[in-house]
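Engineer: What follows is each chain in one-letter form.
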Amino acid sequence: MAELPPFQTLIDEHATEVMAVLRGAVGRDGAEDAFQETFLAALRAYPSLRDADNLRGWLVTIAHRKAIDHHRARGRAPVPVSAVREEAVFDPDPADGEVWRSVAMLPPKQRAAVTLRFASDLPHEEIAAALGCSPEAARRSLHEGLKRLRKELA
Amino acid sequence: MTATMDKSLERLRERAAAEGLLDVAYATADSPFGTLLLARTPQGLVRLGLPSEDVEATLADLASRISPRLLEAPAQLDEERRELEDYFEGRRQEFDLAIDWQLSHGFLLRARRGIAAIPYGETRTYTDLARQAGNERAVRAAGSACSRNPIPLVVPCHRVVRSDGTPGLYAGGVEMKKRLLAMESQDE
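Taken in order, these protein sequences are the chains called A and B.
Taking the working numbering, the leading residue of the first sequence gets 1, the next gets one more, and so forth.
Taking the working numbering, the leading residue of the second sequence gets 1001, the next gets one more, and so forth.
Possibly wrong hints are sitting among the right ones.
Covered stretches of chain A, as calculated for chain B (at least 3 residues, CB under 8 Å) [stated by the list, open to error]:
id, region
1, 32-40
2, 43-50
Partial list, derived from the structure: chain B residues whose beta carbon lies under 10 Å from chain A [claimed, not checked]:
id, residue
3, Met1005
4, Arg1015
5, Leu1059
6, Ala1060
7, Leu1062
In silico contact screen, one side only, chain B against chain A (beta carbon under 7 Å); selected entries [said to hold, decoys possible]:
id, residue
8, Ser1008
9, Leu1012
10, Ala1016
11, Pro1068
12, Arg1069
13, Leu1070
14, Leu1071
Don't read these hints as lab results, they were simulated from the structure.
The beta carbon of each residue, even a glycine, is placed where N, CA and C say it ideally should be.
Could you put together the complete structure from these sequences and hints?
Structural biologist: Here it is as C-alpha cells:
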C-alpha cells in the first residue's frame, strides 16, 4: 500500500491548477462551488486511495466530474434566455495561463464544450449529455469555441 | 497564492472540519526557542513538534500513523497557541487543553500521564516516573517516555531529571531543558 502524503501537500501543489481547470470548465461564478466540491470529495476518498503515483491526475479527474455535475444541474434548471449570452468575466488571475484566460472568455456553452473535450477528453456524446443538448449541438459549440480561440490566440 | 485562493481554502478548511473530514489539523506557533508545530485531532492535542524536529518528517509520520486527512488549519489550534504563548510569557502554569493520547500505549502511556501531572516548578526523577508507572526497574523505558514524548511542553517531560540532580537529555536539546527549568523555578 502506498504511503499517502499529508493532504495539505495536494492543496499546496495542485489547488491553483484545479481552480484554473474549473474556471475554464464552468466559468468563474461556478468555479468556487465546484472547487469546494472537488476537494471535499477528494478528502472523503483520500484515505482509501490505493495509488499515490498520480495525485494531480486524480484531482483533475474529480474536478472534471464536478464540472460535469455543475453543467447537468444547470441543464435541468430553467435558465433564462439572457443568461445563455451572459458576459464572460475576464479573470486576471496570473496563475491561469493565457489559453485558460481565453477559454474563460468564451460564451458558456462553447467554454464548457472546449474544456470537456480537451481537458477532460470526453467524446462528443458525453459532452452533449453533460450540456443537455444534442451531439450535433455539442459539436457545433466545440467548433465555434475553437474557431474563436484560434482567432484570439493567433 | 492569491487572496481569492486564500478565501477558498479557508472555506474548504471550515467545511472539512464541519463535515468530519479533518482528521488532523496542524499549525505552527512561535516560541522563544524557535517555531513549534502543533497538531490536533477532534479529540485533542496529539503532537507537538519542537524546533529541533523536522516538520516534513513529523507531518508524514502523522499522516501514516493517524490519517492522511491532514490539513494546515491554524484556526483549529487557536486555544493551544494562546495557552502556549501565555506559558512562555509566564502568565500560565497549567495547560487546560484536551489531549489525544493515541500515540502512546502501555507503560509509555502510563508514564506520560504521570509526567502530565508533575506541577509547574517541580521535578521528578526517571526512577520516580518508572515507579509511578508501575515498574520501578523500567528506568530506561521511563527515559523513552520522555525522549520520545509526542507532546513535549504540554506533557512536561522537561520536569523529569536525573537522580543526581543534573537535567539529563532533552529532545529539544539540553540547553532548552535548562532554560525551561530555570524559567519555571524563578516564579514567585
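Engineer: Now, for every hint given, state plainly whether the structure supports it.
Structural biologist: Going down the list of hints, with the structure as the test:
Closer than 8 Å: that is the beta-carbon criterion, and the region 32-40 of chain A has 5 residues meeting it against chain B, so the requirement of 3 holds. Look at the region 43-50 of chain A against chain B: 4 of its residues bring a Cβ nearer than 8 Å to a Cβ of that chain, three or more, so the hint holds. The beta carbon of Met1005 (chain B) comes within 7 Å of a beta carbon in chain A, closer than 10 Å, and the hint placing it at the interface holds. With a least beta-carbon distance of about 6 Å to chain A, the hint placing Arg1015 (chain B) at the interface is held under the 10 Å criterion.
With its C-beta approaching chain A no nearer than about 5 Å, Leu1059 (chain B) sits inside the 10 Å limit, and its interface hint holds. The criterion of a C-beta within 10 Å of any C-beta in chain A is met by Ala1060 (chain B), whose closest approach is roughly 7 Å, and the hint holds. A cut of 10 Å between beta carbons decides the hint on Leu1062 (chain B): the least distance to chain A is about 7 Å, and the hint holds. Because the smallest distance between the Cβ of Ser1008 (chain B) and any Cβ of chain A comes to about 6 Å, under 7 Å, the interface hint for this residue holds.
The criterion of a C-beta within 7 Å of any C-beta in chain A is met by Leu1012 (chain B), whose closest approach is roughly 5 Å, and the hint holds. Proximity of Ala1016 (chain B) to chain A holds as hinted, the smallest CB-CB distance being about 6 Å (cut-off 7 Å). Interface hint at Pro1068 (chain B): satisfied, since its Cβ lies 4 Å from the closest Cβ of chain A, which is below the 7 Å cut-off. Residue-level restraint check for Arg1069 (chain B) holds (minimum Cβ-Cβ distance to chain A is 5 Å; threshold 7 Å).
At about 4 Å, the closest approach between the beta carbon of Leu1070 (chain B) and any beta carbon in chain A falls short of 7 Å, and the interface hint on this residue holds. Hint status for Leu1071 (chain B) relative to chain A: holds, with the closest Cβ pair at about 5 Å, below 7 Å.
Checked against the numbered hints above, the structure breaks none of them.
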